[in-house]
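Keeping their order, the protein sequence lines are chains A and B.
Its first residue numbered 1, the first sequence is counted upward by one per residue in our numbering.
Its first residue numbered 295, the second sequence is counted upward by one per residue in our numbering.
Keep in mind that the hints were calculated from the coordinates and are not lab data.
Note that this is a predicted model, so its numbers are computed, not measured.
Among these hints, one or two may not hold up.
[What the hints assert, rightly or not] Computed beta-carbon distance windows for the label pairs:
| hint | chain 1 | residue 1 | chain 2 | residue 2 | range |
| --- | --- | --- | --- | --- | --- |
| 1 | A | Val276 | B | Asn486 | 36 to 42 Å |
| 2 | B | Gly389 | A | Leu60 | 33 to 39 Å |
| 3 | B | Pro597 | A | Asn186 | 39 to 45 Å |
| 4 | B | Gln536 | A | Arg141 | 23 to 29 Å |
| 5 | A | Leu118 | B | Ser488 | 40 to 46 Å |
| 6 | A | Arg189 | B | Ser425 | 26 to 32 Å |
| 7 | A | Val152 | B | Ser414 | 44 to 50 Å |
| 8 | B | Ala547 | A | Ala172 | 35 to 41 Å |
| 9 | A | Pro241 | B | Gln536 | 44 to 50 Å |
| 10 | B | Asp632 | A | Tyr262 | 56 to 62 Å |
| 11 | A | Tyr262 | B | Leu468 | 32 to 38 Å |
| 12 | A | Ala172 | B | Lys644 | 28 to 34 Å |
Glycine is no exception: its CB is placed at the ideal position from the N, C-alpha and C atoms.
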Amino acid sequence: MDFIVANLPYLLTGISVGGQYALIAIGYTMVYGILRLINFAHGDLFMIAGFIMVYASASLPLYISLPLVIILTVVLGVLIERVAYKPLRSAPRMSVMISAIGVSYLLQNFAWYVTGGLAKIYPEIPWISDSVQIGPVSTSRITIITPILTIVLIIALVVLIKRTKIGMAMRAVSRDFETSQLMGININRVISTTFIIGSFLAAIGSILYFSRYTTVTPTIGAMPGLKAFVAAVFGGIGSIPGAVIGAFIIGICENIIKALGYTTFSDAFTFALLIVILIFKPTGLFGEKESEKV
Amino acid sequence: MSKKKKNIINICLLAALFVVLFVLEQTLSGGSMLLTVLKKGAIYALIACSMNLLNGFTGLFSLGQAGFMLLGAYTYAIFTIPVEARADVYQYFDGGIIQFTLPVIVAIILAGIVAALFASLIGMPVLRLKSDYLAIATLGFAEIIRAFMMFEGLGPITNGSNLLKKFPTFSTILFPFAVAGVCIALIVMLINSSYGRAFKAIRDDEVAAEAMGVNLFKHKQTAFVISSFFAGIGGALLAMYQSTVQANAFKSAMTYEILLIVVIGGIGSITGSILASFLYIASSEWWLRFLDETAFIGSFQVPLLRSGFRMVVFSIIIMVIVLFYRQGIMGTREYSLDALLRFFKNLPAKIKSIGKKKKGEDAAASEEVQ
Numbered sequence: 001m002d003f004i005v006a007n008l009p010y011l012l013t014g015i016s017v018g019g020q021y022a023l024i025a026i027g028y029t030m031v032y033g034i035l036r037l038i039n040f041a042h043g044d045l046f047m048i049a050g051f052i053m054v055y056a057s058a059s060l061p062l063y064i065s066l067p068l069v070i071i072l073t074v075v076l077g078v079l080i081e082r083v084a085y086k087p088l089r090s091a092p093r094m095s096v097m098i099s100a101i102g103v104s105y106l107l108q109n110f111a112w113y114v115t116g117g118l119a120k121i122y123p124e125i126p127w128i129s130d131s132v133q134i135g136p137v138s139t140s141r142i143t144i145i146t147p148i149l150t151i152v153l154i155i156a157l158v159v160l161i162k163r164t165k166i167g168m169a170m171r172a173v174s175r176d177f178e179t180s181q182l183m184g185i186n187i188n189r190v191i192s193t194t195f196i197i198g199s200f201l202a203a204i205g206s207i208l209y210f211s212r213y214t215t216v217t218p219t220i221g222a223m224p225g226l227k228a229f230v231a232a233v234f235g236g237i238g239s240i241p242g243a244v245i246g247a248f249i250i251g252i253c254e255n256i257i258k259a260l261g262y263t264t265f266s267d268a269f270t271f272a273l274l275i276v277i278l279i280f281k282p283t284g285l286f287g288e289k290e291s292e293k294v
Numbered sequence: 295m296s297k298k299k300k301n302i303i304n305i306c307l308l309a310a311l312f313v314v315l316f317v318l319e320q321t322l323s324g325g326s327m328l329l330t331v332l333k334k335g336a337i338y339a340l341i342a343c344s345m346n347l348l349n350g351f352t353g354l355f356s357l358g359q360a361g362f363m364l365l366g367a368y369t370y371a372i373f374t375i376p377v378e379a380r381a382d383v384y385q386y387f388d389g390g391i392i393q394f395t396l397p398v399i400v401a402i403i404l405a406g407i408v409a410a411l412f413a414s415l416i417g418m419p420v421l422r423l424k425s426d427y428l429a430i431a432t433l434g435f436a437e438i439i440r441a442f443m444m445f446e447g448l449g450p451i452t453n454g455s456n457l458l459k460k461f462p463t464f465s466t467i468l469f470p471f472a473v474a475g476v477c478i479a480l481i482v483m484l485i486n487s488s489y490g491r492a493f494k495a496i497r498d499d500e501v502a503a504e505a506m507g508v509n510l511f512k513h514k515q516t517a518f519v520i521s522s523f524f525a526g527i528g529g530a531l532l533a534m535y536q537s538t539v540q541a542n543a544f545k546s547a548m549t550y551e552i553l554l555i556v557v558i559g560g561i562g563s564i565t566g567s568i569l570a571s572f573l574y575i576a577s578s579e580w581w582l583r584f585l586d587e588t589a590f591i592g593s594f595q596v597p598l599l600r601s602g603f604r605m606v607v608f609s610i611i612i613m614v615i616v617l618f619y620r621q622g623i624m625g626t627r628e629y630s631l632d633a634l635l636r637f638f639k640n641l642p643a644k645i646k647s648i649g650k651k652k653k654g655e656d657a658a659a660s661e662e663v664q
């Protein structure tokens, strides 16, 4: 019992971080499901959302700056797709991935230029940053809000994909790109919708993440981005519940490792987990098996 | 022109290059930008070629280069820090546990071997993976290697997260050129051998290559290990160039940088990788520097120019290349004397035709105006 009480803060943090990773991971897994592209720029989009909040809240009240962050992030996400991925639709997969790396490089350098390379303090959002008491430990309210909000958003997303027309189109496109095009599905609309959803969730994830870690730097997006991607692979890329479960597992394990005193290895662990999964079950926990076509 | 004659001319050109380098070094001061660019460019050329061997010639999209460079750089540094200096460098670890030094050349080769050894271990599980999964797995391995190098428990060997310094560096620019030159020559020979043809077959179609009797795993493993060997040597040279190393610098951003060099040069062209390395280093360290400084025309301050703008412009250039000139500088073409001579022969005609075109356009424009 003592052990649990002593480690409860880490566990709670783990669940909360897991929720934030889950929100980012969905962006990866959906884009990969449809375009077969690892969107390396997604983590940097998350970082840019953080900076937009920093600058927006400096001059605007919270009830304007919060929606503004979400809108601008979504616009940027769609813009990236239009400019950097759409022209390469018929190019080999490697070119698109290189383009994604290029965008990531551009976003980081741009953020560095605008901020002068200095870390910025994330504004404090009242109410969600307040501390609350859970049993014997006190933690900030965000720790509790994150997993709940994550689950609500994900249920909404699953309903969207299963019940609506656009959701059906998305499933069709992820199954077979060309055939769905022949069936009269507007591919570009589906892809844009995917990027809108992914960016929207990344913006929410960014608000929750930075309210906790409070500083934003130009390269901060890389690590959470990669971890979220690992979560997506872990759960089986293309599968939304898989990405969410993967994200929670990674978030919790990482914080337990920190609790044990091996902070240096918390990042390495994520990748070790990834490699183990890829070797023993390359399609992840819930992934669909793909057969090789000649 | 006979083959023999061509070889002689090529050797003469190479010798001329070294003479020019020697003269430059004697005449320019030590802090000259040109020398810095040439040194760093030569090292990056080797690393870019090693990555191109993997990504361009074997079709394995690996993003682990920074990890292997890190292994090389650390191996070199650890084994060459003079014994007297160890107490100072390893001040938090009682001078470390390694109390001997190796000669520079031996340490450089050892750097390559250590990187290759790790590559053969890593290759066994990950080389079975498909394109993007392979990319992310190798990226992950690079991160794991970095975490281990910074782990305090290994401090007596790696100095934990502290700097490694005071190891011997090169005193002449000819050194990195000679080492990188020999290594790149070896890579070119490998590519032209039967192994190289097997690599290209794997790149073009894995299933077909296997059906033709190419042992997929063996060849992928060979390419991966050899590429890592040269990345390790490149890492050792980079350590010499920087004169200090720290694991924290070898992040995935470094791999991306090298990947972008390979793309700019043309995926599948060694010549392209070499040219692109020098161009990349020259523009990022030298030619575009002015973008980082505030400038005035009269009393008017040029807008946008301030620290960091160089990298923004630079990344935009890279995006333009990636999106619109997917072939890069060279595509898959390579250097040959004939092509070079033809290029110079056609140059006057080309310039003339551009001039004519311009004149034609001007004429058309003036007609429109009238």
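For each hint, the structure was consulted:
1. Separated by about 39 Å at the C-beta atoms, valine 276/A and asparagine 486/B satisfy the suggested range of 36 to 42 Å.
2. Against the hinted window of 33 to 39 Å, the Cβ-Cβ separation of glycine 389/B and leucine 60/A comes to about 57 Å, which falls outside the hint.
3. Here the CB-CB span from proline 597/B to asparagine 186/A is close to 41 Å, well matched to the stated 39 to 45 Å.
4. The hinted window of 23 to 29 Å between glutamine 536/B and arginine 141/A is violated, with their beta carbons roughly 46 Å apart.
5. The hinted window of 40 to 46 Å between leucine 118/A and serine 488/B is violated, with their beta carbons roughly 55 Å apart.
6. Distance hint for arginine 189/A and serine 425/B: a CB-CB separation of about 27 Å, consistent with the stated range 26 to 32 Å.
7. Valine 152/A and serine 414/B have their C-beta atoms about 48 Å apart, which keeps the hinted 44 to 50 Å range intact.
8. The hinted window of 35 to 41 Å between alanine 547/B and alanine 172/A holds, with their beta carbons roughly 37 Å apart.
9. Between proline 241/A and glutamine 536/B the C-beta distance comes to about 47 Å, which sits within the given range of 44 to 50 Å.
10. At about 59 Å, the beta-carbon gap between aspartate 632/B and tyrosine 262/A stays in the expected band of 56 to 62 Å.
11. Between tyrosine 262/A and leucine 468/B, the C-beta spacing of about 45 Å breaks the proposed range 32 to 38 Å.
12. Roughly 50 Å separates the CB atoms of alanine 172/A and lysine 644/B, a value that falls outside the hinted 28 to 34 Å.
When each numbered hint is compared with the structure, violations occur for hints 2, 4, 5, 11 and 12.
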